[in-house]
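Could you build the full structure based on these sequences and the hints that come with them?
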Amino acid sequence: NAGVTQTPKFRVLKTGQSMTLLCAQDMNHEYMYWYRQDPGMGLRLIHYSVGEGTTAKGEVPDGYNVSRLKKQNFLLGLESAAPSQTSVYFCASSFQTSWGHNEQFFGPGTRLTVL
Amino acid sequence: GENVGLHLPTLSVQEGDNSIINCAYSNSASDYFIWYKQESGKGPQFIIDIRSNMDKRQGQRVTVLLNKTVKHLSLQIAATQPGDSAVYFCAETFSGGYQKVTFGIGTKLQVIP
Numbered sequence: 009n010a011g012v013t014q015t016p017k018f019r020v021l022k023t024g025q026s027m028t029l030l031c032a033q034d035m036n037h038e039y040m041y042w043y044r045q046d047p048g049m050g051l052r053l054i055h056y057s058v059g060e061g062t063t064a065k066g067e068v069p070d071g072y073n074v075s076r077l078k079k080q081n082f083l084l085g086l087e088s089a090a091p092s093q094t095s096v097y098f099c100a101s102s103f104q105t106s107w108g109h110n111e112q113f114f115g116p117g118t119r120l121t122v123l
Numbered sequence: 022g023e024n025v026g027l028h029l030p031t032l033s034v035q036e037g038d039n040s041i042i043n044c045a046y047s048n049s050a051s052d053y054f055i056w057y058k059q060e061s062g063k064g065p066q067f068i069i070d071i072r073s074n075m076d077k078r079q080g081q082r083v084t085v086l087l088n089k090t091v092k093h094l095s096l097q098i099a100a101t102q103p104g105d106s107a108v109y110f111c112a113e114t115f116s117g118g119y120q121k122v123t124f125g126i127g128t129k130l131q132v133i134p
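Those sequence lines, one after another, are chains F and P.
So the first sequence is numbered by the working numbering: it starts at 9 and just counts up by one.
So the second sequence is numbered by the working numbering: it starts at 22 and just counts up by one.
If you are wondering where the hints come from, they were derived from the structure by calculation, not from laboratory data.
Take these hints with a grain of salt, some might be off.
Calculated pairs, DSS-like style, for lysine-lysine (alpha carbon to alpha carbon, straight line, at most 30 Å) [stated by the list, open to error]:
no.	chain 1	residue 1	chain 2	residue 2
1	F	K65	P	K63
2	P	K63	F	K79
3	P	K77	P	K92
4	P	K89	P	K121
5	F	K17	P	K63
6	P	K77	P	K121
7	F	K79	F	K17
8	P	K121	F	K79
9	P	K63	P	K77
10	P	K89	F	K17
11	F	K65	P	K77
12	P	K63	F	K78
13	P	K77	P	K89
14	F	K22	P	K63
15	F	K65	P	K121
16	P	K121	F	K78
17	P	K92	P	K121
18	F	K78	F	K65
19	P	K92	P	K63
20	F	K17	F	K78
21	P	K121	P	K63
22	F	K79	F	K65
23	F	K17	F	K65
24	F	K22	F	K65
Pasting the structure below:
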């Protein structure tokens, strides 16, 4: 199993450009997440999905959109990139443990720089 | 990734010694806690978890201690190895369906050979 994969690994954008980050998981997990990680801050949730066809806003959703057309894929879109969106983006998927909690598995990350 | 470690507290430990990494969590109602390890350029990796009805849980070379009175978690790594060098952070959440996970900033562990 590949687990959680993300493409691309690196990207440089100019302000105003758009792009889509792709996340794929082969573990048949229901829940998927997009986080951003910035220096000196914990992971912050952008959007999440509790199943195919459903999405919801997280902590920092502004400037991002998501889609979950297939259970295994979760796409993160930046409509008009801004320098403040320079960050490392992590996708995660999770299953519910026997304790009733969600154990998350993370992808390797996408480093995005917006000039 | 490597930029995550720039503003983090750092713990330097001699190879073979034990490491103790601490975390203060924010919500007294949280009932599930996780420790993650993040190596440079990689995504976070689950290490060990603990529920709020437990004080201690042991894994392979790692032990997590939970003190609910002072909202404190610690991760103990026995016989620290160079491969343990990474950023470690804790997370807190709740049981039942989707629940928000709050992640700590992390501590950078440097193992001195």
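We went through each hint and held it up to the structure:
1. F:K65 with P:K63: 25 Å, holds
2. P:K63 with F:K79: 24 Å, holds
3. P:K77 with P:K92: 14 Å, holds
4. P:K89 with P:K121: With a Cα-Cα distance of about 19 Å, the restraint between K89 of chain P and K121 of chain P holds, given a limit of 30 Å.
5. F:K17 with P:K63: Distance ~11 Å between K17 of chain F and K63 of chain P Cα, so the pair holds.
6. P:K77 with P:K121: 23 Å, holds
7. F:K79 with F:K17: It holds: about 22 Å lies between the C-alpha atoms, which stays within 30 Å.
8. P:K121 with F:K79: Satisfied, since the Cα-Cα distance of roughly 21 Å is no more than 30 Å.
9. P:K63 with P:K77: Holds: K63 of chain P and K77 of chain P sit about 28 Å apart, inside 30 Å.
10. P:K89 with F:K17: 39 Å, violated
11. F:K65 with P:K77: Judged against 30 Å, a Cα distance of about 34 Å means the pair is violated.
12. P:K63 with F:K78: With Cα atoms ~25 Å apart, K63 of chain P and K78 of chain F stay inside 30 Å; holds.
13. P:K77 with P:K89: 11 Å, holds
14. F:K22 with P:K63: Status holds; Cα separation ~25 Å.
15. F:K65 with P:K121: 11 Å, holds
16. P:K121 with F:K78: The given pair, whose Cα atoms are some 23 Å apart, holds under the 30 Å limit.
17. P:K92 with P:K121: 18 Å, holds
18. F:K78 with F:K65: 18 Å, holds
19. P:K92 with P:K63: Holds: K92 of chain P and K63 of chain P sit about 29 Å apart, inside 30 Å.
20. F:K17 with F:K78: Between K17 of chain F and K78 of chain F the Cα gap is close to 21 Å, so the pair holds against 30 Å.
21. P:K121 with P:K63: At roughly 22 Å apart (the allowed maximum being 30 Å), K63 of chain P and K121 of chain P satisfy the hint.
22. F:K79 with F:K65: Holds, at roughly 18 Å.
23. F:K17 with F:K65: 24 Å, holds
24. F:K22 with F:K65: OK: K22 of chain F and K65 of chain F at ~25 Å, within 30 Å.
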